[in-house]
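Q: Line by line, the protein sequences give chains D and C. In terms of our numbering, the first sequence opens at residue 1 and continues consecutively. In terms of our numbering, the second sequence opens at residue 1001 and continues consecutively.
These are computed hints drawn from the structure, not numbers from a lab. Certain hints may be false.
[Unchecked claim] Result set (EDC-like, lysine to aspartate or glutamate): computed pairs, CA atoms no more than 20 Å apart in a straight line:
#1 K42(D) x D79(D)
#2 K42(D) x E1082(C)
#3 K100(D) x E1082(C)
#4 K112(D) x E26(D)
#5 K71(D) x E1053(C)
#6 K71(D) x D84(D)
#7 K1013(C) x E1082(C)
#8 K58(D) x E26(D)
#9 K5(D) x E1054(C)
#10 K15(D) x D53(D)
[What the hints assert, rightly or not] Simulated coverage check for chain C against chain D, where a stretch passes if three residues somewhere in it have a Cβ under 8 Å from a Cβ of chain D:
#11 1014 to 1028
#12 1101 to 1113
Using N, Cα and C, we set each Cβ at its ideal position, and we do this for glycine too.
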Amino acid sequence: QQQVKQSPQSLIVQKGGISIINCAYENTAFDYFPWYQQFPGKGPALLIAIRPDVSEKKEGRFTISFNKSAKQFSLHIMDSQPGDSATYFCAASIRHNFNKFYFGSGTKLNVKP
Amino acid sequence: ETGVTQSPTHLIKTRGQQVTLRCSSQSGHNTVSWYQQALGQGPQFIFQYYREEENGRGNFPPRFSGLQFPNYSSELNVNALELDDSALYLCASSLARSGGGYTFGSGTRLTVV
């Protein structure tokens, strides 16, 4: 049973466009939702994270939108650049627990010049 | 401040053999988690170590075992290797109860033939 469902599986965006990746979860006990960026041959790197007491968090060109009632959250990459081409994973965890992360299946983003 | 380092980077083993993977945690981090990432999938939680004790375990059989040392470094041992064990094994360190994200290493690519 997949705890976090991610879509789309792959995404092609033109340079300067907006990339949007969506995730949905079932467990209402989750209270920490990070996004990770992974380049080929590297481990995932924390990009941005949100807690469920806010509906949006922005860091530079990256924004997380969070809808607690719908149990959904999404990553928006504004002004997408070719250097953003990577695989993106959403994740969820219960912080007061031992902080085990449940990852989505990943979205491979290709930003075309 | 050093990041998370893993060794070896690549490894080829024969079915039925045993393997040990190593991880040095980021300076200041006292918790180490291990994840298995199959090709094209998100990371799956194997287990976590805190204060040299297993602090949580995912849905992996007992032939997956680990250790954490007083300097917070860790080992992942897999016995009786199966073809399906071929994957990228990721080590991630964090500070216990900080509620934050992990710092991942670049992983060990294990191929079982």
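Q: Now tell me if each hint is right for this structure.
A: Now the hints, each set against the structure:
Between K42(D) and D79(D), the direct Cα distance comes to roughly 24 Å. Violation of the 20 Å bound is thereby established for this hinted pair. As the CA atoms of K42(D) and E1082(C) are separated by approximately 24 Å, the hinted pair breaks the 20 Å bound. In summary, the hint linking K100(D) to E1082(C) is not supported, as the alpha carbons are separated by about 25 Å, beyond the 20 Å threshold. About 34 Å separates the Cα atoms of K112(D) and E26(D), which puts this hinted pair outside 20 Å; it is violated.
Distance check on the hinted pair: K71(D) and E1053(C) sit about 33 Å apart at the alpha-carbon level, beyond 20 Å; violated. Between K71(D) and D84(D) the CA atoms are separated by roughly 26 Å; this puts the pair beyond 20 Å, and the hint is violated. Proposed proximity of K1013(C) and E1082(C) is supported: the alpha carbons are some 10 Å apart, at most 20 Å. Among the hinted pairs, K58(D) with E26(D) is inconsistent with the structure: their alpha-carbon atoms are about 24 Å apart, more than 20 Å.
In summary, the hint linking K5(D) to E1054(C) is not supported, as the alpha carbons are separated by about 28 Å, beyond the 20 Å threshold. Our distance criterion of 20 Å between C-alpha atoms is broken by K15(D) and D53(D), whose separation comes to about 33 Å. Using a Cβ-Cβ cut-off of 8 Å, 0 residues of the segment 1014 to 1028 of chain C lie near chain D, which falls short of the minimum of three, so the contact claim is violated. Beta-carbon proximity to chain D at under 8 Å applies to 7 residues in the segment 1101 to 1113 of chain C; the threshold of 3 is reached and the given coverage holds.
Against the hints set out earlier in the document, violations occur for numbers 1, 2, 3, 4, 5, 6, 8, 9, 10 and 11.
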